[in-house]
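Asks: Please build the complex by placing chain B on the supplied structure of chain A, with the hints as guidance.
Top line first, the protein sequences correspond to chains A and B.
Position 115, counted from 1, in the first sequence is what our numbering calls 115; the numbers after and before it change by one each time, with no gaps.
Position 227, counted from 1, in the second sequence is what our numbering calls 227; the numbers after and before it change by one each time, with no gaps.
Check the hints yourself; a few may be wrong.
Below, a list of computed lysine-lysine pairs in the DSS-like style, where the Cα atoms sit at most 25 Å apart [to be verified]:
id: 1; chain 1: A; residue 1: K311; chain 2: B; residue 2: K45
id: 2; chain 1: A; residue 1: K235; chain 2: B; residue 2: K105
id: 3; chain 1: A; residue 1: K319; chain 2: A; residue 2: K45
id: 4; chain 1: A; residue 1: K233; chain 2: B; residue 2: K105
id: 5; chain 1: A; residue 1: K235; chain 2: B; residue 2: K106
id: 6; chain 1: A; residue 1: K139; chain 2: A; residue 2: K188
id: 7; chain 1: A; residue 1: K319; chain 2: B; residue 2: K45
id: 8; chain 1: B; residue 1: K113; chain 2: A; residue 2: K233
id: 9; chain 1: B; residue 1: K233; chain 2: A; residue 2: K113
id: 10; chain 1: B; residue 1: K139; chain 2: A; residue 2: K105
id: 11; chain 1: B; residue 1: K45; chain 2: B; residue 2: K60
id: 12; chain 1: B; residue 1: K113; chain 2: A; residue 2: K113
id: 13; chain 1: B; residue 1: K233; chain 2: B; residue 2: K274
id: 14; chain 1: A; residue 1: K355; chain 2: A; residue 2: K311
Take a look, some chain A residues computed to stay more than 12 Å from chain B by CB distance [to be verified]:
id: 15; residue: A10
id: 16; residue: G92
id: 17; residue: T117
id: 18; residue: D141
id: 19; residue: G168
id: 20; residue: D227
id: 21; residue: E258
id: 22; residue: R303
id: 23; residue: F353
Hints were generated in silico from the structure; no laboratory data involved.
Treat the numbers as computed from the prediction; the structure is a model and nothing was measured.
Ideal Cβ placement from N, Cα and C applies to all residues, glycine included.
Protein chains: 2
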Amino acid sequence: MTERIYNFSAGPAVLPLAVLEEAQRDLVSLPGVGMSVLEISHRSKAFDEIIQGCEANIRKLAGIPDNYHVLFLQGGASMQFSMVPMNLMPAGGKADYVVTGSWSKKAVKEAQKIGQTAAVAASTESENFTRVPKQEELKLDPQAAYVHITTNETIHGVEWKYDPDTGGVPLVADASSDIFGRPINVGKYALIYSGAQKNLAPAGVTLVFIRDDVLARSPQSLPTMLDYNTHVKDKSLYNTPPVFSIYVMRLVMKWLLENGGLEAAERRNQEKAKLIYDAIDSSGFYRGHAEPGDRSLMNVTFRLPSEDLEKQFVSEATKAGLDGLKGHRSVGGIRASIYNAFPKEGVEALASFMKEFERTYG
Amino acid sequence: MTERIYNFSAGPAVLPLAVLEEAQRDLVSLPGVGMSVLEISHRSKAFDEIIQGCEANIRKLAGIPDNYHVLFLQGGASMQFSMVPMNLMPAGGKADYVVTGSWSKKAVKEAQKIGQTAAVAASTESENFTRVPKQEELKLDPQAAYVHITTNETIHGVEWKYDPDTGGVPLVADASSDIFGRPINVGKYALIYSGAQKNLAPAGVTLVFIRDDVLARSPQSLPTMLDYNTHVKDKSLYNTPPVFSIYVMRLVMKWLLENGGLEAAERRNQEKAKLIYDAIDSSGFYRGHAEPGDRSLMNVTFRLPSEDLEKQFVSEATKAGLDGLKGHRSVGGIRASIYNAFPKEGVEALASFMKEFERTYG
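The following block holds chain A by itself, in its conformation from the complex:
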C-alpha cells in the first residue's frame, strides 16, 4: 500500500490518483509501443495520438470554438507575461491590465518591460487584494490593444465570478490557477493561457487558447520561439515539446470527461470549498482573506488571531498529514489549495482539524 498524504500545495499540486496509477503502470513501456513515454520521439505516431487526443479532449471539455488554436508551450505563465504583449501589442500601442493580486501585478510589470504602455485599468491593491473590481470600476480604453485579467489569484484567493465586458477590445486571461475548475466561456476571450501545474498536468507545459484573428498582430521580428504563429503553424511541434507533461495532461482530461466534465468539476469544487469557508464563517477564530462574493474555489486563504497560532496550526496540520497549508510569504496566514484533483476526504479532514484546533487554542 502506497502512503499518500493530503497535499494542499498551491502548485505543483495534487493529481488524480487514477492518473498517477496509469502513468506508473505504463512508465517503462507504453502498451503497443515498446518504449517509455519518456523516450518516444515527438515525431512518432504514438505521440501524434497523444497530443491530438489531448487537444480533442480539451476542445470537448471546454467547448472551444473552431476559430481557436490550442497550443502546448513551455515557460509557464511567466513566459506568457512577455509573449502576450510581444505578440498582441502593436508598436506605440497600449494595453489595459486589471490588477487583482500578485500575479496580475507581475503580468503588468512584464508588459511594461516590452516598451509599450501597459496601463492599470483597475486595481484592488489598496484593499490588500481582497476582491475583484466590479464592471463599473474598470477604466477601459476602447483603443487598447487588449484587456488582461487574472481569473484567479492563487496567493490572495480571489476569483473573477464574471467575464468583464470590454466593449469589443480583445480580452486576455491568465487562467493558470482555475482553468477547468469550472466551465469557461472561451468565446469571450481572445487568448487564455495557463501553466499546467495546478489543474492540468505536472509542471512543464503551458496551455494556450488563441483566437485566429489576433495571430496577424505578431511582428515579423519576433524570435521564432516567442511568436504564437510558429506554434500554430507547427501544431506545437516546432521544437521538442514537453512530451511527458502533455501525456499526463491527456490522462487528466480523460479523467475530467469521465467524471462529468467541467460542470461536475465545479459542483465538486463548490462543495469542497464550502466545507472550509463554512468552518471559517461559523467561527470567531478564523478570518477569511477574500470578500465572500469573490472567494476562490481553488485557493482558500484565511488568518488566525496571531502569527504564532498560524505557525502552530501549520505545524500541527503537517503532523496530521495535511501538508502545504502555509500561506504565501507576501500575505501570510493559511492557504488551502484544493484544485480539481484534491479529494473531498482531505477537505473534510482539514475542516475537522480546524474545529479541533479552534477548540484547543480558541
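Replies: Below, chain B alone, put in the same frame as chain A:
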C-alpha cells in the same frame, strides 16, 4: 515482463532502464514524502534536495569550475538560439557562428533576427555538412562578442573533436546532442546549453552552464524570463521549473556516476559506434555520410545504394524491433542515434541486421 524494443530515435531518446524502473517505482508516492514527484511544490524540501542533488552530480561528473552557474531552464535549444544573442551580444556588436549542419544554421538565423550582426565564421554547407572545419579555416573576428559552435550535429552526424581556439573571445556551444557522451572541458567555454532529451533526461528541461563574467552583459530591458541573471539569482526557481524532468535528470546523473563517469561513457560510446562504422567501412553497400575523422559517436548517418533500399531497410528493421532508424528528411538515408543509455546489445543487433540485409539485397 515488460516488452521493450531498441529505440534509435534522435531525441527524445532512450533512457537507462534502471532509471525508468526507479521512476516507475516511486511515481505514485516518493518515499518519505507521501506525494508523487509530479505533485510536489518546487519550494518544498523534497524538491530542494532533488535539484541540488542533480546540480551536485552534474558538477562532479563534468568537473565544472566554481565560477560557472548551472541552470535548469525551459524551451530547449531553440529558445537558447535567441537567449544567447539577447544576453551576450551588445547593441551594435557582432558574433561569429560556425555552421556545421542544420542546427547551427538555425542558431545563426535566430541570432540574425535579434537585430545585431551574426556572421558565419566558417561553413561546411558546400560539402553537405560532411565534416567540421579545421582550426585554420575559422575566420574569427577578435572583436566578436562570442563564437558559437554546435558540438554535434544530430542530423548530419558530425561532431567536433577539438575545442576551437578563439583567441580569448568567449566560446558558446550548443551541446544538446553529445553532452556527457564524453568528457567536456567546460572551462574552455563561456556558455554551454543542452536540450535534455538526448543524453540527460526526458524532454522539457534545458541545461545551461554559464560563466559568471558574461552575466554582466545582459541588458536591463530583457524580459525577466529571458535574462540569465534571473535564473542565476533565483537558482532556477524564479518560476515553477519542470520538476519531473529535473528529477529524472538527477537519476540519470547518478547512473552515469555509478557507471564510471564521462570517461567510461565515452569508452562505451566509442565501442558502440565502432560496431556500426565498421559495418559500414567493411562493406561496399553502405556509405557513411560524415568524413571518418569527424564522425559522431552519437548519431551514425549512412546511405544505401538507393532510396528504395533505404525504405526497405527501415521497414525490415522496424519489424525486427530496431525502431527510429529513418534519417532526417533533409539528409535522407539512415540514422542510428546511440546515446549514452542506448544498450550495446541493440547496436550489436543493428550491426548483425546490416550484414544480413546486405547479404540479401547487396
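Asks: Taking each numbered hint in turn, which are not upheld by the structure, reported in ascending numerical order?
Replies: When the structure is compared with the hints, numbers 3, 10, 13, 15 and 20 turn out to be violated.
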